[in-house]
Structure formats: C-alpha cells, structure tokens
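Heads up: the sequence lines are chains B and D, in that order. So the first sequence is numbered by the numbering used here: it starts at 1 and just counts up by one. So the second sequence is numbered by the numbering used here: it starts at 368 and just counts up by one.
Treat the hints as calculated values from the structure; they're not laboratory data. There could be a bad hint or two in this list.
One side only, chain D facing chain B, incomplete, derived with CB under 7 Å [unchecked claim]:
id : residue
1  : THR413
2  : SER510
3  : SER538
4  : ASP540
5  : ALA541
6  : MET573
7  : ILE574
8  : PRO593
9  : HIS594
10 : TYR597
11 : GLU616
12 : PHE681
13 : ILE682
14 : SER683
Okay, derived cross-link-like pairs now, EDC-like style, lysine to aspartate or glutamate, Cα gap no bigger than 20 Å in a straight line [unchecked claim]:
id : chain 1 : residue 1 : chain 2 : residue 2
15 : D       : LYS724    : B       : ASP334
16 : D       : LYS487    : D       : ASP469
17 : B       : LYS245    : B       : ASP216
18 : B       : LYS305    : D       : GLU546
19 : D       : LYS711    : B       : ASP202
20 : B       : LYS5      : B       : GLU94
21 : D       : LYS680    : B       : GLU175
To give an idea of the chain B side of the interface with chain D (calculated C-beta under 7 Å), a few residues [to be verified]:
id : residue
22 : GLY162
23 : ASP165
24 : GLN194
25 : ARG220
No residue lacks a Cβ here, since even glycine has one placed at the ideal position from N, Cα and C.
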Amino acid sequence: MPDVKLVNVSKRFGKIVAVDRVSLSVHDGEYLTLLGPSGCGKTTVLRIISGLTNPDEGEVYVGERLVNDVPVEERGIGFVFQLFAVFPHLTVWENVAFGPRVLGWSTERIEEECLRVLRMVRLENRIDAYPNELSFGELQKVGLARAIATGSKILLLDEPLGALDAKVRGELRLELRRLVKDLGLTAIHVTHDQEEAMVVSDRIAVMRKGRIVQVDTPPRLYSHPENVFLVNFIGEASFLEGTVKNAGKTALVVEIRDGSIIRVSGKSFRIGDRVVVALRPEYVKINAKGNVGLNRLHGRVERTKFVGWFTRVEVRLDNGDLIVVEEPMSNGHDFEVGEDLALTFRPRDALVFHYPEEGLQRALSLE
Amino acid sequence: MICRVVMPLPEVKLEDVMKKYGSIVALDGVNLHVADGEYFTIVGPTGAGKTTTLMVIAGLVKPDHGSVCIDGRVVNDVLPEERNVGFMFQSFDLFPHLSVWDNVTYGPFVRGWNPEVYGKSAREMLELVHLAGRFDAFPRELSGGMQQRIALVRALTSGARILLLDEPLGSLDAKIRVELRYELRSLVKDLRLTAIHVTHDMEEAMIVSDRIAILRKGRILQVGTPHEVYSNPTSLFVINFMGETNFLEGIVKNRGENWANIELRNGGNVRVTNGMMGVEKDVVLAIRSEDLFFNKRRVGETNSLSGYIEGSKFISGYIRYEVRLDNGEHIILRRLASRNDSFKVSDRVTVNFSPEKVLVYPCPEGGLERALSPD
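Could you build all of it, start to finish, from the sequences and the hints given here?
Put into structure tokens, the structure is as follows:
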C-alpha cells in the first residue's frame with residue numbers, strides 16, 4: 001500500500017517550473033531518495049509532501065487520504081532539515097519532548113511517548129546528556145527520535161548529512177538506514193550525493209529540471225539507466241558516438257568515429273541509427289591478455305591518477321575520444337603518460353542509447 | 368658580466384607554528400614545507416586546525432610562536448596583501464556589484480595585464496566550471512554552488528603564484544565536485560601555481576595532491592605523496608581516516624626474520640610480513656575493505672577466516688559486504704560488482720587476504736576507539 005502518493009503534481013515560481021507533473025508512489029516502510037542536481041526541484045517536492053509548499057496542480061495523498069488542504073501539523077509527518085540541528089542548550093530528553101510539549105500533550109503522555117521513542121533508538125541511558133557530550137551517532141539518534149516523537153511514521157529528510165565531514169558522513173548514512181528500518185518508518189530523503197542515495201535507499205527517484213526521469217533500485221539504476229544523462233549522473237562513464245552498421249536481436253555492430261567497429265549488446269536499434277555507447281570505467285580493461293572480448297581500441301595514456309584502491313587512467317583513443325579506466329591497484333602496473341595501450345571491453349558491459357536529439361553535451365548537462 | 372635576476376621561489380614554509388584560542392590549542396607545533404609548483408593538501412577532521420593553518424599562511428591569523436616563510440623570507444610581520452598569495456575561503460566573497468566576468472578578471476585587470484591574454488584563459492576556465500553562459504550574471508542571481516565555482520576561477524586567474532584554497536569544492540553537488548577535482552589539479556599545474564588546499568575529504572586529497580599532510584588536533588601526523596600515505600599509513604588514525612578499514616586485535620605468537628604469526632583476541636591466526644614486533648606484544652591489525660577476498664570453498668589456508676554474509680549493499684559499481692566471522696568479529700569487504708556475482712546474504716564464506724596487505728600497529732594505550740577518534 002502506498003504511504004505517500006503524488007499524482008501529476010506541478011509547482012511554478014513565477015516563470016520557473018520547479019516541479020513539472022511529478023507522479024510518485026512511496027510504499028509503506030520504504031526508504032526512497034529524491035536525487036538530482038541543484039535546482040532540479042527535489043526539495044520543492046519534499047516541501048509539497050510536508051505541506052510547507054502548496055502545489056499549483058495535482059494531488060498529494062498520505063495513506064488513503066488526500067491531504068492537499070490538510071495543514072502541515074496534521075499530516076503525521078516528521079520533517080528533518082538537518083539531523084544534527086538539535087537544541088544545544090537542551091538535554092536529550094528536552095530535545096525529544098520539545099515537539100509533544102508544543103502540541104500541548106499531557107505530562108504523562110509526553111513521559112510515555114518520549115521514553116518509548118528513546119528506547120527504540122537505544123538512548124534511554126543518555127536522557128540527561130547535553131548535545132555536546134554526545135557522539136555523532138548519538139546526535140543522529142536524537143534528531144530522529146525528535147522527528148518521530150509526535151507519532152510520525154513518515155520521515156522527510158532534506159540533505160540530513162550535508163554539514164558533516166566525509167568520513168563521518170560515510171559512517172552515519174549506513175547507521176541512518178539501519179535506524180529507519182529498525183523503527184519501521186517510511187522515509188523520503190533528498191540529496192545530491194549519488195553514493196549517499198545508493199547506501200540509504202530501497203529505491204531512488206532521479207530528478208532533472210522538475211521531472212522524475214527514472215525510479216529504480218540502486219543496482220538497476222546503475223546497470224540499466226534509461227538515458228545518457230542518467231548513466232553519467234549515476235556513476236561515471238565515457239562516451240563513444242557511432243552509427244549502427246548491423247543489428248541482430250540483441251547484438252549490434254557499431255562504427256565509431258574513425259571507422260573502427262565495436263560490438264555491443266542492445267535491443268530496439270536499427271541499421272543506420274545514430275547511437276552513443278557508454279562505458280563504465282570499471283568495465284574497461286587495459287592490455288588484457290587472451291581472448292577477453294571482441295572489442296579492442298587503441299590509444300595513449302593522457303593522464304593518470306593514483307586514487308588508492310585503483311588508479312584512474314585517462315586514455316585518448318586514436319579517433320580522438322577520451323576513455324576513463326579504473327584499474328585495480330593489485331594489477332601492479334604503473335602507467336606512464338604517452339604510453340600506448342589497448343583497451344578491451346565485453347559487448348554486454350557497454351550501454352547503448354539513441355543519440356540524443358538535443359546533442360550529447362546538452363543531454364549530459366547538470367544545469 | 369650578465370647579472371641574472373634570481374626570482375624568489377614561491378614556496379611556503381612553516382616552522383614550529385603554535386596558535387591558541389583561549390585554552391584551546393588550534394595549532395600545536397606545525398612544520399610544513401611546500402615546494403615551488405607543488406599541489407599540497409592539508410586533510411583532517413573538523414576542528415583539526417586546517418583553516419587556522421591557511422589563515423596563518425595568509426597572514427589573517429598571527430601565530431603565537433614559530434615562523435612563516437614565503438619565497439625564502441620570514442613574513443610574520445608582513446601584511447596579508449603584501450604576501451603575494453591568492454586565497455579562496457569558505458565564505459567566498461564575490462564582489463556583489465560586479466558581473467561574473469568582472470569578478471573573474473578583476474585581479475589581472477588591476478595588475479594591468481593584457482586583456483586578450485587573461486580574457487582567453489578566463490573564458491576557458493568558465494567553460495570548465497560549466498558557467499560560460501552566465502558571464503554577465505551578478506552573484507546574487509547564482510546559486511551557492513555556482514558562486515563557489517566563480518570564486519574558484521577568480522582565485523585561479525588572480526595572478527597570485529601561491530593559492531590557498533579552503534574547501535574550494537565544499538558546497539558543490541557531489542557530481543560536479545568529483546568532476547572538478549581533476550580539472551582543478553590540471554589548472555593549477557598548467558598555470559604553474561603553488562596550491563595549498565584544505566579539505567576533510569581524503570578521496571579529494573588523493574586526487575588533487577602531489578603531497579598530503581594529515582592533521583589531527585593541531586598536529587601533523589604524516590606527510591607524503593598519495594601513494595606513500597596509502598601504502599604506508601604510519602598510524603591507526605591515518606589508515607582509518609583514508610577509508611573503510613577492518614581492525615583486529617591480537618598478540619604476536621611467534622616470528623621469524625620477516626614474518627610473524629598473530630593470534631587474534633577472538634580466535635584465529637593471521638600471518639603478517641609488515642611492522643615486525645616482539646613475541647607476546649599486543650597488536651592491532653588493519654586490513655582495508657578492498658584487500659579482502661571471498662572464497663566459497665577453500666578453508667584452512669593462510670589468512671582465511673570463515674563466517675557468513677550479514678549484509679550487502681550496491682554502491683556505484685562495487686558491492687560492500689558485511690561479514691560476521693565465526694569468531695564474532697564484524698568485517699567489511701568491498702569488491703567490484705560483476706554481473707554474475709553469486710554471493711548472497713546468509714551465505715557461508717571464507718574471507719582471504721594476503722599477508723603483505725595486513726598493516727600491524729602496536730596496541731594503542733588509550734584503546735582503539737580513542738586512537739581513531741578525531742579529537
């Protein structure tokens with residue numbers, strides 16, 4: 001059963017269309033992320049769900065109920081801008097009891113509910129501590145406990161980990177998902193960070209220019225992006241432009257810029273179609289020995305960068321295209337700028353798209 | 368005889384720099400030597416003293432003790448504007464009444480340079496940061512991320528030979544941040560500038576830098592090239608700060624000249640070939656999540672520990688597995704996602720790793736948690 005449902009929701013600010021006919025179903029207990037570049041409308045969607053912003057068109061449902069005209073505080077939704085924005089001068093208990101007090105609950109009900117919530121996040125032994133005495137993990141729990149203390153089962157999170165160090169953020173996002181799942185909440189999380197989205201989500205809705213372009217699980221989104229924008233936005237990719245020379249049921253022969261031929265897997269293409277072939281850096285192998293696939297491209301190392309567990313090698317192909325390869329460190333070879341090498345990849349590891357009408361550059365643009 | 372003018376080297380040197388704010392020690396004896404043309408990064412957690420270090424170099428904060436040298440001369444008493452450094456701080460202040468174009472060409476304009484030359488490079492840089500189309504916009508019309516990119520271009524075109532960059536990519540969208548770090552390094556190198564860059568992001572540091580200094584609690588723990596720091600982290604803090612690492616506590620059981628056997632506290636044996644220590648010494652073993660491998664069948668070989676998969680998570684092309692070992696330890700293993708990966712949650716697995724990949728540290732006195740904590 002969907003817990004939150006948007007049907008054809010639009011919102012304009014003056015001439016700017018911030019949200020453009022968005023439809024979305026978030027299931028009970030699901031962790032869904034709205035992911036997109038700055039200005040794509042993701043925060044506006046979140047505000048529309050919360051009731052802080054009214055849509056110009058479309059319907060918003062929470063559970064079975066149409067809530068377009070229901071005020072913020074009656075939607076049963078916890079809204080978190082930043083998980084760590086707790087009141088520094090209040091104890092854990094006072095922070096969590098803040099919302100219920102504002103709602104004018106009886107002392108007994110506040111006691112009961114706050115204790116219940118604090119037990120759920122396992123902070124019942126820290127109720128008298130002040131925020132500056134807590135670890136990041138504990139602060140995150142206070143932020144969550146506070147958001148759900150008034151009985152919300154739906155949690156809206158707007159860049160909740162934005163203000164943190166990379167290292168801490170990496171640890172807390174795993175913990176955040178675990179907590180949301182343990183507490184049985186439905187979460188809708190907004191971020192611009194692909195890795196964060198992949199770690200926390202059951203499904204990701206990618207937004208661009210006010211519209212949802214794909215909703216899928218993290219692995220599906222990575223392996224089956226529906227257009228070139230997505231392949232570039234979710235992970236990294238290099239692009240080869242070409243024309244279909246031969247098309248079988250699932251196999252294509254593509255001629256790229258200098259007349260070289262590559263073989264890729266792809267359906268619903270016809271001879272003569274202009275295509276873009278996208279290669280993920282981890283699927284391209286350098287100087288692989290033996291029969292490692294039908295595709296072999298020659299080029300020269302243009303730039304290399306040691307990044308720890310892999311080396312990133314940028315290779316300028318003979319036809320002028322640039323291919324990025326991630327070579328695992330355990331392979332032990334140091335690449336020199338200017339070195340000649342051969343790149344190989346398997347047909348099924350390439351992603352093929354129709355050449356975008358607006359041109360490749362515009363199709364990839366993050367603006 | 369021709370008298371050659373020796374140009375001063377744009378290098379930066381800090382010697383034993385101390386700075387206190389009240390009772391808080393922000394910098395506790397910092398020594399640094401950044402060479403001409405070097406891309407140098409200071410990385411560390413919040414509150415480590417990174418920004419204070421930059422402010423001391425810029426002349427915006429006076430050290431309590433120690434000396435700051437730029438181009439071979441002590442500049443402790445030299446005003447910020449006379450130090451010939453360009454900086455970009457987190458509160459990047461663009462000139463609000465000037466357009467994007469006037470902002471990024473302000474430095475060379477004031478210096479009276481040839482507009483044809485600086486105009487061309489400014490245009491190229493605006494293209495690189497995806498803002499060429501907004502050259503006539505005013506700062507207030509741009510988002511925070513766009514303003515940051517403009518501030519970065521302005522710092523690069525300012526004409527200063529030494530650049531101080533405080534989280535220059537901090538408020539950008541993740542995708543643009545990842546893309547720009549490669550470009551930022553290339554620009555600094557092409558322009559032959561010396562850069563000192565501050566970040567809390569180790570991956571960013573690895574990508575942009577010639578050398579990295581890891582700062583913690585006002586002290587530099589280690590300085591080295593990305594390769595040196597990665598292959599030989601000198602402390603538990605540094606290896607943990609670099610990425611997801613597994614720590615196993617144990618005791619040295621027996622050893623030869625270049626090997627030792629470690630008995631794990633929770634059971635199991637590990638052979639190591641690094642960081643030799645005496646028999647009966649308490650040690651902590653550190654193994655990176657990417658240096659562990661799965662094996663479904665073979666058990667009983669050197670450095671194989673068995674357990675079951677407790678969780679898995681797909682993250683941009685790789686899979687992060689959580690494994691519960693039979694000895695109770697919790698291990699993180701990361702591998703490239705291949706399309707026929709057959710490892711599932713609750714599968715029994717054997718985790719293998721090679722002895723050379725195990726880093727050995729003496730057991731820290733205050734305990735492991737304290738050794739890894741940022742403060």
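Hinted pair, alpha-carbon criterion (20 Å max): B/LYS305, D/GLU546. Please report holds or violated. Roughly 13 Å between the alpha carbons, so the hint for B/LYS305 and D/GLU546 holds.
Was the hint right that D/PRO593 lines chain B, CB cutoff 7 Å? Constraint on D/PRO593 satisfied, holds at 5 Å.
Does the interface hint hold: is D/SER683 within less than 7 Å of chain B, judged Cβ to Cβ? holds, 5 Å
Against chain D, with CB atoms and a cut of 7 Å, does the hint on B/GLY162 hold up? Interface hint status for B/GLY162: violated (9 Å vs cutoff 7 Å).
Is D/LYS711 within 20 Å of B/ASP202, Cα to Cα? OK: D/LYS711 and B/ASP202 at ~17 Å, within 20 Å.
Interface hint status, D/HIS594 versus chain B (Cβ within 7 Å): Holds - the Cβ of D/HIS594 comes within 7 Å of chain B, reaching about 5 Å at its closest.
Tell me if the interface restraint on D/ALA541 is satisfied: Cβ within less than 7 Å of some Cβ in chain B. At about 4 Å, which falls below the 7 Å cut-off, the nearest Cβ of chain B leaves the hint on D/ALA541 intact, so it holds.
Evaluation of the interface hint that places D/TYR597 against chain B, nearest CB under 7 Å: Hint on D/TYR597: holds, closest Cβ of chain B at ~5 Å, below 7 Å.
Let's test the interface hint: is any C-beta of chain D closer than 7 Å to that of B/GLN194? holds, 6 Å
Holds or violated: D/LYS724 and B/ASP334, Cα atoms, limit 20 Å. holds, 19 Å
Hint check: 7 Å Cβ-Cβ cutoff, D/SER538 to chain B: Violated: closest Cβ of chain B sits about 9 Å from D/SER538, beyond 7 Å.
When the least beta-carbon distance from D/ILE574 to chain B is tested against 7 Å, hint result: D/ILE574 check passes; min Cβ-Cβ to chain B is 6 Å, inside 7 Å.
Violation of the numbered hints given earlier is confined to hints 3, 11, 17, 20, 22 and 25; the remaining hints are satisfied by the structure.
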